[in-house]
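2 protein chains.
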Amino acid sequence: MSEQAQCTIPGIAIVPAIKRRGRVAALGLAEGEAIKAERLSVLELTHEGIPGDRHAGFLRPADVRVPWFKRGEAIQNERQISIVSMEELAVIAANLGIERVEPEWLGANLTVEGLPDFSFIPRGTRLFFPSGAVLAVTDQNAPCRIAGAEVERNLPGSDGLALRFAAAAKRLRGVVAYVDRPGIIAAGEEFSVRVPEQWVWRG
Amino acid sequence: MSEQAQCTIPGIAIVPAIKRRGRVAALGLAEGEAIKAERLSVLELTHEGIPGDRHAGFLRPADVRVPWFKRGEAIQNERQISIVSMEELAVIAANLGIERVEPEWLGANLTVEGLPDFSFIPRGTRLFFPSGAVLAVTDQNAPCRIAGAEVERNLPGSDGLALRFAAAAKRLRGVVAYVDRPGIIAAGEEFSVRVPEQWVWRG
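From first to last, the protein sequence lines are chains A and B. With the first letter of the first sequence counted as 1, position 30 gets the number 81 in my numbering; the numbers rise by one all the way through. With the first letter of the second sequence counted as 1, position 20 gets the number 71 in my numbering; the numbers rise by one all the way through.
Next up, chain A with everything else stripped away, as it sits in the complex (with noise of 0.2 Å):
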């Protein structure tokens, strides 16, 4: 029995939770089948995500993302809200060396600042807004080609981005998430981040 007991405490780091505070830049819409967003000053969300934005639902179909789905196929939808960072849309321009990365080119429904590294923000970070909105992160973003491309379509003169695009964004492109709580989203107004424990498990 004293053997047994030893596992009850395995050789993993616990890291505690953690708690901070981000500020709201910028809100988008992505309307119908548009990937390009367009910006508003707030944003309503319910249980299935921002009414009308072409990620709302409590499924979504499988894309590239989750090879292991066929494509099409009706699963759990993680991906509700996307969301980036200031910080981080300032590298992706530094790496593609052009000015700005403006969030809508990519159909960001929500800009932060102030928090560093934000793409790396662990599964199961909760984000409160002054409403009572919550939303709960659910994965890192991958960049894809169409992003790039809307990214290239904006800057004109800037042929073969959209292929750059992917490198340059990488870990970069911010995360994803639903809606735990629904409420309103303001531009400018602070928000606090709960982030869990976190820890890595090696099996």
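Think of the hints as simulated: they come from the structure by calculation, not from any bench. Each hint should be verified, as a subset may be incorrect.
One copy or two, either will do: identical chains are not told apart, so a pair holds if it fits within one copy or between any two.
[Stated by the list, open to error] Result set (DSS-like, lysine-lysine): computed pairs, CA atoms no more than 30 Å apart in a straight line:
#1 Lys-87 x Lys-70
#2 Lys-70 x Lys-121
#3 Lys-221 x Lys-87
The structure displayed is predicted, hence computed values, not measured ones.
Please arrange chain B on chain A, whose structure you already have, making use of the hints.
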């Protein structure tokens, strides 16, 4: 620009994705308001979880585990399915000085074996079953007094065990998950496990 470009590789160690295999040891359904689960040989999953199980639904009422919400308000349901491991149930039993803890006493829907330190399997891990069913892990589960009371109820003469349960089962209580793709799970079958990239963010 060179200074910014450095930021593209933050000082975060990324552990690559891991593949493992496990086996289904037991299946259970907690009907209506019951805590105790009924043992089954096959579990049918929809996108809302297990039809008839008390944890089914796209949404769930907030409880004591999420103290930042008002008790009872509707939040996204990331606890459709509760999963424990045979190995950890044995450790809980040893910690309590009892012969065994049956998974149905804890209302577990799925009991697995073959995955060490199962309660630490990371958020975002996917379990792939032969039918095509896929579960996505959302969080480590936390022991509660209610489950402890159920264990006590099933063991005549174990008075007071409920109070010791939370400590004995801490970080051994398995994980919770949602149904990513519907399908069936059968007792005895093997499944594959995809643990996503892991890292620790210190912000």
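Evaluation of the provided hints:
For a Cα distance limit of 30 Å, the shortest separation of Lys-87 from Lys-70 qualifies neither inside one copy, at 32 Å, nor across copies, at 36 Å. For the homomeric pair Lys-70 and Lys-121, the shortest alpha-carbon distance between copies (20 Å) is at most 30 Å, but the shortest distance inside one copy (38 Å) is not. In this assembly of identical chains, Lys-221 and Lys-87 lie within 30 Å of each other by CA distance solely inside one copy; the values are 19 Å within and 46 Å between copies.
When each numbered hint is compared with the structure, a violation occurs for hint 1 only.
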